[in-house]
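K.L.:
Hey, can you work out the whole structure from these sequences and the hints?
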Amino acid sequence: MLTRLGLMAALAIGTATAAIAQGETPQDGGRLIFTAGYGSSITSLDITATPHTQDEIFSKAINASLYSWDPVKAEPVLELAESVEKSEDGRTYTYKLRDATFHDGSKLTADDVIYSYNRLADPEKALPGAQQILAIEGVEEVQNGTADTISGLKKIDDMTFSITMTDLADPGWSLMSNFAPIYSKDYPEDKLASQPNGLGPFKLVNYVPGSKAEYEKFEDYYEEGKPHLDKLEIVMMGEAAARDVAFRNGEIDVNILGPVQYEAYGQEAGLQDHLLEVAEVYTRNIGFNSKVEAFQDKRVRQAINHAINSEVIISKLLKDKAYPAVSWLPTSSPAFDKEAQPYAYDPEKAKELLNEAGYGDGLSFSVTATPNESWGVPIVEAIIPMLAKVGITATVDPVEPPVLSDKIFADNFDAFIWSNVSGPNALEAMKCFYSKTPQTACNYVKFSNPEFDKLYEAAGQEADPNKRNELLKQANNLLLEEAPVWFFNYNKAVMAYQPWVHGLQPNAQELAIQDYADLWIDDSAPESRK
Amino acid sequence: MSRFILRRVLQMIPTILAVVLIIFVIFSVVPGSFVSSLLAEGRNVTNAQVVSHLNEQFGLDQPLPVRLWDYLSGLVQGDLGTSYRTREPVWQTIAPRLWPSIKLALAAMVLAAGVGIPLGFLAALKPGSVFDSATMVVAVSGLSLPEFWFGLLLMYAFALQLGWLPSFGYQPGSISHVILPAIALGVSPMALLARTTRSGVLDVMNADFVRTGRAKGVSEPRLVRAHVARNVLVLVLTTMGLQIGALMGQAIVIEKLFSWPGIGSLLVDSVATRDIPVVQGTVLVIVLWFLIINMLVDIAYAVIDPRIKVG
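First to last, the sequence lines map onto chains E and Z. All the letters of the first sequence, read from the start, carry residue numbers 1 to 530 under full-length UniProt numbering. All the letters of the second sequence, read from the start, carry residue numbers 1 to 311 under full-length UniProt numbering.
Because the hints were derived from the structure by calculation, they are not lab data. There may be inaccurate statements among the hints.
[Claimed, not checked] Pulled from the structure, derived: some chain Z residues nowhere near chain E, Cβ distances all over 10 Å:
# : residue
1 : Pro127
2 : Ala134
3 : Pro146
4 : Asn231
[As the list claims (entries may be wrong)] What follows is a list of derived Cβ distance ranges for each label pair:
#  : chain 1 : residue 1 : chain 2 : residue 2 : range
5  : E       : Glu219    : Z       : Leu21     : 51 to 59 Å
6  : E       : Glu216    : Z       : Glu88     : 19 to 27 Å
7  : E       : Asp522    : Z       : Leu72     : 58 to 66 Å
8  : Z       : Glu88     : E       : Lys154    : 34 to 42 Å
9  : Z       : Leu60     : E       : Asp190    : 38 to 46 Å
10 : E       : Asp122    : Z       : Pro31     : 27 to 35 Å
11 : E       : Ser87     : Z       : Gly173    : 57 to 65 Å
12 : E       : Gly250    : Z       : Ala226    : 50 to 58 Å
13 : E       : Lys530    : Z       : Gln171    : 12 to 20 Å
14 : Z       : Val76     : E       : Glu268    : 57 to 65 Å
15 : E       : Glu124    : Z       : Ile299    : 49 to 57 Å
16 : E       : Asp104    : Z       : Gln77     : 29 to 37 Å
17 : E       : Gly250    : Z       : Gly173    : 30 to 38 Å
Small disclaimer: the values here were computed from a predicted structure and weren't measured. Glycine is no exception: its CB is placed at the ideal position from the N, C-alpha and C atoms.
P.N.:
What follows is the structure in structure tokens.
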């Protein structure tokens, strides 16, 4: 199993590397048509007002954050700062900003950073992006209304400022978020949603709600020689079948694939050589509500993990567009234990565990599920007969996506199937099983284990990244043993791209989010792109 | 005529009120909320403080009667409310979607009427002929075709294989972008118009006044043009009015498929994210469109057939 996982991961990286390595010297000019496939509209051009990936695809062209995610190194790196110094106690970081210009011509200063984070924390604005700055000292007080400004932010001079954190975690993990960009303090706030003004590589020139956004190269972009493209167009295409036709017709340059298309593209000459694959940091799972008596016994939870043949579901239903999950943290996580063994498909073992737990005569529960093809009703329907073989009666409780979260927060479910973020920050991912994390935050199954809590708390206080990862590895292995969820799979995201497109990166956070500054097209592109 | 128009406008008020109330009540009781839709991706956990402030800002923590009163009192002043998603006035969210929707509905209807009416007419003039049978097979097929599948077929044939037309998207002023969605949307009303026209013409052709006309020696072309066509027009116009009125609402699937930025796709997205003010606003626009079109049809009756008194 692990060998297969390793092989799959290697293949994924190999494909990705091929996609990146194609380009020799980047060529400048031309127009690229990118797709946003998660819907037929966006919420807002002000990315701080929305938590949706679909909006992030558009915002990434316009904005920049203090840090950014390096998909190759798989870690956050400085983006808007030239340098950072950490204090002796490991909680205060002093940044020296780089020379950068906003689209309206104003220069980036420390005041802009402080303004942007204070704006995010403002309770009156109720911005979802506030989630990204919670670890800065004083944010909680601003949110509670007991302070006007964030105490952990200090301006030193126009280009220097410091951030004091509440814990020892690297601030890069949260401040790299595209949902916490740096805005200009002097730009009218009421224009952010219609005429955004950022530090990103492209300026918005035309936005057709429900259709597309057109951008042009920002000449004063802070990275020398970038962006390569003159123009960028991002179209909203929620329908996979329509994207497929448009991609084959050369009307769009990239296409995020679902399982069916992944299988088809993989078999077609001309398409199979231009697939970018990556193991994204999402863990698909069935969460067991600990209020259900049967689920309070870990042997029942383990039995369910043994009773389901994940590999068959991944192969037959998901067309191999997923990696079988070993535990909660994905294989790309530095805290993932390569020696860990996933639950083997073993119905006899499952029956044995159920007998030991006193459920030899069977048990029944319902699984709340959305229609999602990769982690919804079709998956539950596939596991029902597998569970029936060991005496478990499972039923589906079908709901719409917003109702799933509603039911979970209201504690109105037996079990749910979902795809949850499990990285890249392992500490943040593990927080979802910390007993003090409320169900409405992300401890959806109300997991509570003193041993796990101890490991998590120790990891949070550990300044040495290697020691922290070791603690988190132990915590992750404990989760594997405790099985608070059925560990189903890690998403394999796949992007098809036209042969003339270069510079795409295997972004494990979300493949659809690309650094547009790095993208370029070669001479083989059609006339419509030149 | 002005009294008639005034009366029809006043008649719209209870219809609109009923629709508004039904939508408001339905979306107040269905599970799921705007705030829960923010968390539906399972990616970004939204801070509890933010959730609480959002509920407060949008009045979602208020009881249903208070929210309804606020909405209705805003509505009578022409205020459709504020979109939960965009945090902009609802009208500002709907307005850019209006013309693409009208454009698509009109293009689909031009196609439906331009093909369906002549087909139905010609089929009725030669009942039982091969042309008549073929036309009716096409009409029945057109009514039974799933729009999504037919749209995909059009994309495959005219964009991918022949390369004549773009497969998706919207360009203001571009005719090529509207052709495929208009055909996909117009095929069903086209089939209905062909069938309606055929049966209407057959009825009129057997009427006493047509027989009398023939007996008096009126030529067949003149008989058809001056007597049959005029009498069938009322029926055709009624069907057209109902169809064009309904097209804006029916275009949801086609708009999604062709990435067409109309009212239909806005409605679907707003329902999915429980952006109730926008749902109410878009439904209101669709209902108003339907009512206005049908009022115009009623007025047209009087022009076509002076025996019909609109007052």
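K.L.:
Now, for every hint given, state plainly whether the structure supports it.
P.N.:
Consistency of the hints with the structure:
| no. | hint | result |
| --- | --- | --- |
| 1 | Pro127 | 40 Å, holds |
| 2 | Ala134 | 29 Å, holds |
| 3 | Pro146 | 13 Å, holds |
| 4 | Asn231 | 43 Å, holds |
| 5 | E:Glu219 <-> Z:Leu21: 51 to 59 Å | 54 Å, holds |
| 6 | E:Glu216 <-> Z:Glu88: 19 to 27 Å | 25 Å, holds |
| 7 | E:Asp522 <-> Z:Leu72: 58 to 66 Å | 59 Å, holds |
| 8 | Z:Glu88 <-> E:Lys154: 34 to 42 Å | 35 Å, holds |
| 9 | Z:Leu60 <-> E:Asp190: 38 to 46 Å | 23 Å, violated |
| 10 | E:Asp122 <-> Z:Pro31: 27 to 35 Å | 31 Å, holds |
| 11 | E:Ser87 <-> Z:Gly173: 57 to 65 Å | 59 Å, holds |
| 12 | E:Gly250 <-> Z:Ala226: 50 to 58 Å | 53 Å, holds |
| 13 | E:Lys530 <-> Z:Gln171: 12 to 20 Å | 19 Å, holds |
| 14 | Z:Val76 <-> E:Glu268: 57 to 65 Å | 59 Å, holds |
| 15 | E:Glu124 <-> Z:Ile299: 49 to 57 Å | 51 Å, holds |
| 16 | E:Asp104 <-> Z:Gln77: 29 to 37 Å | 36 Å, holds |
| 17 | E:Gly250 <-> Z:Gly173: 30 to 38 Å | 23 Å, violated |
The structure fails to meet hints 9, 17 from the earlier list, while all remaining hints are met.
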